[in-house]
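In case you want the letters, here they are:
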Amino acid sequence: MGKGFLAAHGLLGQDLGDLIQASCSRRGLNVQLNAIVNDSSATLLSKAYADPTTRFALILGTGVNAAIHLPVHIFAPPKFGVRPDEWHRCAKHVIVNTELSMFGTGILPSTIWDDALRAAHPKPTFQPLEHFVSGGYLGEIVRLILIDGIQTAGLLGGVIPSSLVQPYSLETETISFMER
Amino acid sequence: MQPFIAAMSKVRQAFFAAIVRSLLRTKSLLQAILNIWISPSIIKAQNVDANTNGSTNGDASHGSTKKIGVNEFLEIVERAFRPSSSRKRLVELSEGMRKQFWESMVDNPLCMLPSCNHQLPTGDECGTFLALDVGGSTFRVALLELSGRGAETGQEARILKRATFKINNGVKQLKGVLFFDWMAERIEETLSGQSEGYDMSEAPLSMGLAWSFPIE
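Going down the list, the sequences are from chains A and B.
Read in numbering that gives the first Met the number 0, the first sequence has 91 at position 92, and its numbers run on one by one without any break.
Read in numbering that gives the first Met the number 0, the second sequence has 179 at position 180, and its numbers run on one by one without any break.
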């Protein structure tokens with residue numbers, strides 16, 4: 000389980016929906032969990048509800064991802080794994096989780112600061128696009144450029160402020176406020 | 000297929016236009032930060048540098064380190080970013096991404112994952128629902144009333160009640176069932192005192208969950 004959660008601890012093999020439903024039932028809530036989707040698919044579904052021409056949803060948050068409603072026939076059959084014949088009879092299009100963050104190996108432009116970010120990253124090649132566009136990294140890129148400017152051009156009096164010393168200490172939210 | 004390709008090409012153009020804009024913003028953002036933080040002494044030092052044709056900085060505290068001026072540094076930053084936003088490079092990037100997208104539709108087990116969900120909403124779905132969203136740092140709960148696509152624009156979905164809860168480190172450390180119990184408590188908190196749209200005596204309130212990271 001990503002992002003530092005421990006909720007999967009001791010629950011391997013159990014159904015996520017069953018677990019949430021059980022917790023709600025224990026508290027006496029009159030609710031029923033009917034659907035679980037990933038956030039990019041949820042974004043696509045909610046916009047498509049109001050606007051029938053919607054085919055594409057982009058998540059630009061801490062991470063980056065996109066969901067697209069694509070024709071089934073453009074995929075190689077093994078991509079669908081094992082599904083009931085009934086599914087293949089009904090489905091002309093399918094909602095696709097692109098995992099967009101993982102694209103871009105070998106073709107994205109790179110600056111010395113991008114290289115420095117990757118050099119210090121535990122999984123430098125796992126999500127190439129994410130490093131260039133997502134809220135998880137933009138603040139760090141700016142911090143690395145600032146450090147460079149402080150050391151080579153004497154910005155901020157040539158002294159690195161203590162608040163910028165730690166990696167990832169400049170939050171993307173902060174630079175977003177500055178730009179406004 | 001043809002209209003679809005046309006639509007995708009529009010999406011690509013918009014997507015790469017956005018990348019260009021964000022690349023070009025980097026320099027102006029740095030300029031903005033400098034405007035906020037730069038101290039007058041630096042500006043003076045920079046002028047001196049310019050006057051002496053960028054000769055070495057004699058600042059004793061930095062020993063013999065050769066220094067460049069602030070403007071020169073900004074130019075270096077701009078030179079690092081601008082070439083990659085030229086039309087030619089962007090078209091190459093677009094072609095490269097498209098190639099990777101197509102390849103992933105053949106045999107990539109990690110990307111371009113077709114879900115089991117093949118239908119978009121019809122727009123006729125109506126009723127009261129509870130939307131849950133678990134992200135990396137927040138848990139959102141919203142009680143919604145859907146009135147259908149026929150409703151006035153902006154009124155298709157009405158939020159009756161919403162709440163946002165920080166998922167702090169203490170919550171992240173909750174093991175197993177305890178995390179889901181925490182979610183249930185927050186749902187209870189959101190619905191407590193809510194009369195419109197939530198009634199214990201009626202059929203169960205239907206919930207949908209958006210979960211933003213993979214789980215085994």
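Everything labelled a hint here was simulated from the structure, so no lab data went into it.
Remember, it's a predicted structure, so these values are computed and weren't measured experimentally.
Warning: the hint list may mix true and false statements.
[Claimed, not checked] Just a few of them, taken from the derived set where beta-carbon distance is under 7 Å, the chain B residues facing chain A: (1) Ala31; (2) Ile32; (3) Leu89; (4) Met111; (5) Ile158; (6) Leu159; (7) Ala162; (8) Asp180; (9) Glu187; (10) Gly196; (11) Pro203; (12) Ser205; (13) Ala209.
[As the list claims (entries may be wrong)] Mimicking DSS-like on lysine-lysine, the simulated pairs with C-alpha atoms at most 25 Å apart in a straight line are: (14) A/Lys122 with B/Lys171; (15) A/Lys91 with B/Lys160; (16) A/Lys46 with B/Lys160; (17) A/Lys122 with B/Lys98; (18) B/Lys98 with A/Lys78.
Just so you know, even glycine gets a beta-carbon here, dropped at the ideal spot from N, CA and C.
Is the Cα-Cα distance between lysine 122 of chain A and lysine 98 of chain B 25 Å or less?
With a Cα-Cα distance of about 24 Å, the restraint between lysine 122 of chain A and lysine 98 of chain B holds, given a limit of 25 Å.
Hint validity - alanine 162 of chain B Cβ closer than 7 Å to any chain A Cβ:
Violated. Min distance 14 Å.
Please work out if lysine 46 of chain A and lysine 160 of chain B have their alpha carbons no farther apart than 25 Å.
holds, 20 Å
Can isoleucine 32 of chain B be said to touch chain A, with a Cβ gap under 7 Å?
holds, 6 Å
Should the interface hint for alanine 209 of chain B be scored as holding, given a Cβ-Cβ cut-off of 7 Å against chain A?
holds, 4 Å
Proposed interface contact between leucine 89 of chain B and chain A, which counts if any beta carbon pair is under 7 Å
At about 10 Å, which exceeds the 7 Å cut-off, the nearest Cβ of chain A leaves the hint on leucine 89 of chain B violated.
Do the numbers back the hint for alanine 31 of chain B, that is, is its least Cβ distance to chain A under 7 Å?
holds, 5 Å
Holds or violated: lysine 91 of chain A and lysine 160 of chain B, Cα atoms, limit 25 Å.
Status violated; Cα separation ~36 Å.
Next item in the hint list is serine 205 of chain B. Is there a CB on chain A closer than 7 Å to its CB?
holds, 5 Å
Min Cβ distance, methionine 111 of chain B to chain A: is it shorter than 7 Å?
holds, 6 Å
Does the CB of aspartate 180 of chain B sit less than 7 Å away from some CB of chain A?
holds, 5 Å
Given isoleucine 158 of chain B as an interface hint, is its Cβ closer than 7 Å to any Cβ of chain A?
Isoleucine 158 of chain B check fails; min Cβ-Cβ to chain A is 12 Å, beyond 7 Å.
Checked against the numbered hints given earlier, the structure breaks hints 3, 5, 6, 7, 10, 15 and satisfies all the rest.
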